[in-house]
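Line by line, the protein sequences are chains D and S.
The opening position of the first sequence corresponds to residue 1 in full-length UniProt numbering, with each subsequent residue numbered one higher.
The opening position of the second sequence corresponds to residue 1 in full-length UniProt numbering, with each subsequent residue numbered one higher.
Hints in this document: simulated from the structure, not taken from any laboratory.
Please note that the accuracy of each hint is not assured.
[Claimed, not checked] Mimicking DSS-like on lysine-lysine, the simulated pairs with C-alpha atoms at most 25 Å apart in a straight line are:
(1) Lys311(S) x Lys148(D)
(2) Lys324(S) x Lys11(S)
(3) Lys315(S) x Lys299(S)
(4) Lys228(S) x Lys311(S)
(5) Lys11(S) x Lys77(S)
(6) Lys377(S) x Lys58(D)
(7) Lys44(D) x Lys77(S)
(8) Lys33(D) x Lys164(D)
(9) Lys148(D) x Lys334(S)
(10) Lys383(S) x Lys358(S)
(11) Lys73(D) x Lys58(D)
(12) Lys101(S) x Lys64(S)
[What the hints assert, rightly or not] Stretches of chain D that chain S covers, calculated by requiring three or more beta carbons in the stretch to come under 8 Å of a beta carbon on chain S:
(13) 119–125
(14) 135–143
[To be verified] A few chain D residues facing chain S, derived, Cβ under 8 Å:
(15) Ala35
(16) Ala113
(17) Asn114
(18) Asn116
(19) Asn129
Every residue, glycine too, gets a C-beta built ideally from N, C-alpha and C.
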Amino acid sequence: MIYFIIFLVLIVLIIFFFVSIYNALIRLRNQVKNAWAQIDVQLKRRHDLIPNLIETVKGYMTHERQIMENITKYRSQAMNAQTVGEKAQAESLLSGALGQLRVQVENYPDLKANQNFLALQEELTATENKISFARQNYNDQVLMYNNKIQMFPSNIVAGMFNFKEEEFFEIKDQAEKEVPKVSFN
Amino acid sequence: MWELIQSNRRKSLILFFGMGALLILIGYVFGSFYNPESGGAVGVFFAIILWMILSTISYFAGSKILLAISGAKEVTKEVHPQLYNVVEEMKIAAGVPYFPKIFIIDDPAPNAFATGVKPENSAIAVTSGLLSTLNRYELQGVVAHEMSHIVNRDILLMTFAGMMLGAITLMSEVFFRGLYYGGGSRYRSKSSSKNSGQGQIIIMILALVLAILGPILAQLFYFAISRKREYLADASAARLTRYPEGLANALEKIANSSYKLRSANKVTAPMYIVNPLKREGMKLADLTSTHPPISERIKILRALQQGVSYKDYQKVFEMIYGKKEKIIPDSALKESIPVAPVMGLANSDKSFSPVDAKREANDAVMKLNNYKFINCKCGVRIKIPPDYNQPIVVCPRCGTRHQLG
Ligand SMILES: [Zn+2]
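Pulled out of the complex, with its shape left as it was, chain D reads as follows:
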């Protein structure tokens, strides 16, 4: 009888333990999803700003057609990207092209004084920052989630219920890594 009770208590404890780990995994996975959604919102915001930017800059920049074409091209690439890796790749190209535009803008003092352009600049800078902060938050969440999946004893539960590790949102380009915050000023 006493052994039976001990056995029962043990079973209950193990179940309780499993359930709490399972719930923690679910919570972490949801946080990762939520963080990813944040990045997505900001990436979309950047894509939406680009037509405005091109419209404003068009009249001033006749010689930098190539840059504007690249921006348009990378934008559509980024919008069509499927995996996290592809997306990171295309977005970093887009960041680079937008950075080039900044360099070019220095040559157009009139454009720099244009209020519409200044407002657009602030929006683009803010969007770049939001992307990088959302990425930072996303990677923190992924790290916590992946740690939980790899570490004992939660790895057992993760294996049983098929929790998969998530991919980090990494920018491959080294130059981009050093100065993640693009500024037009």
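Fit chain S with the ligand to the given chain D structure using the hints.
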């Protein structure tokens, strides 16, 4: 982070009830001083009423009152896009679902504070002087610091602590005023006719000691709390932005400003990111200042070269101070993620134009005062005062006629 919030909630609760108990004690002693027979009960009654009123007010309207006496006006994105964006950036970095309200105080002295009982209805207020003094990264550091106060639930703790300070100061003031208008003499004649002498003398001494020391102790206590909060918020800001240099530069600029904040007082002073009442370098600093010395805060932030996690902050703090004071709660120190700072933005101030920043800040204040703005095609921004009553305004550069209304 969650445990940190829990521990702060617990502290708020302890402070809330501890304050109630202390007020009741003071009420009892002061009451007994004036009337040994039933005065204690009356004193307790008034103390409870005072405690309830103050708690209710500070819980439901504390931040509104604070913002109102600071002359803060709420801003939308339209008024100052950069400030709004920076707050949103910090919201994203912190990964929180709520968005604090944003206020601007029209004052040339650069400073900022956060308030609100719950994060859901919190507010960040900055002066126009702050906007015209700091570049984008520095502003980000200050906003991150204030956002950290909100995320860490410091604002509730600070509200209750400030309320306690106010209540105790008020009660001892009432006590002394009563003494001045002859309450004490009534007490003396009564106590001699009844022979409960010794107990009454103890009450009398106790009342005087409480009346003199109470407000001072409350103040020290308040300051001790807020000092620790400041370090923790600096640490969180460095972690959020990954760029401690931004906040360090901001603190330096704020400390070096020669303007004095107009609307600050003893109770609101500890709310600000930099104490608006005292000049840096005063050596009273250790006990009576509401904030850690700015130079120390800057030194710690600048020493965060290897990493900006909470662990790194605590390590650097101990290195600089040479003593083992716990600045960061244990729960935050357990964090195992290495957090690398962003470097190489050192030149960010070169691109900062004080003229532009000042214009932006002025525009924001004008918008808050109901000026209308028209962006002309030629790039000129036309600012129209609220009492301008012509139907048309002509652009001074290109001559375009803009229809109003
Ligand atoms: Zn014009």
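Status of the hints after comparison with the structure:
no., hint, result
1, Lys311(S) x Lys148(D), "21 Å, holds"
2, Lys324(S) x Lys11(S), "22 Å, holds"
3, Lys315(S) x Lys299(S), "13 Å, holds"
4, Lys228(S) x Lys311(S), "16 Å, holds"
5, Lys11(S) x Lys77(S), "35 Å, violated"
6, Lys377(S) x Lys58(D), "14 Å, holds"
7, Lys44(D) x Lys77(S), "19 Å, holds"
8, Lys33(D) x Lys164(D), "13 Å, holds"
9, Lys148(D) x Lys334(S), "15 Å, holds"
10, Lys383(S) x Lys358(S), "15 Å, holds"
11, Lys73(D) x Lys58(D), "16 Å, holds"
12, Lys101(S) x Lys64(S), "11 Å, holds"
13, 119–125, "holds (count 4)"
14, 135–143, "holds (count 5)"
15, Ala35, "6 Å, holds"
16, Ala113, "5 Å, holds"
17, Asn114, "4 Å, holds"
18, Asn116, "6 Å, holds"
19, Asn129, "5 Å, holds"
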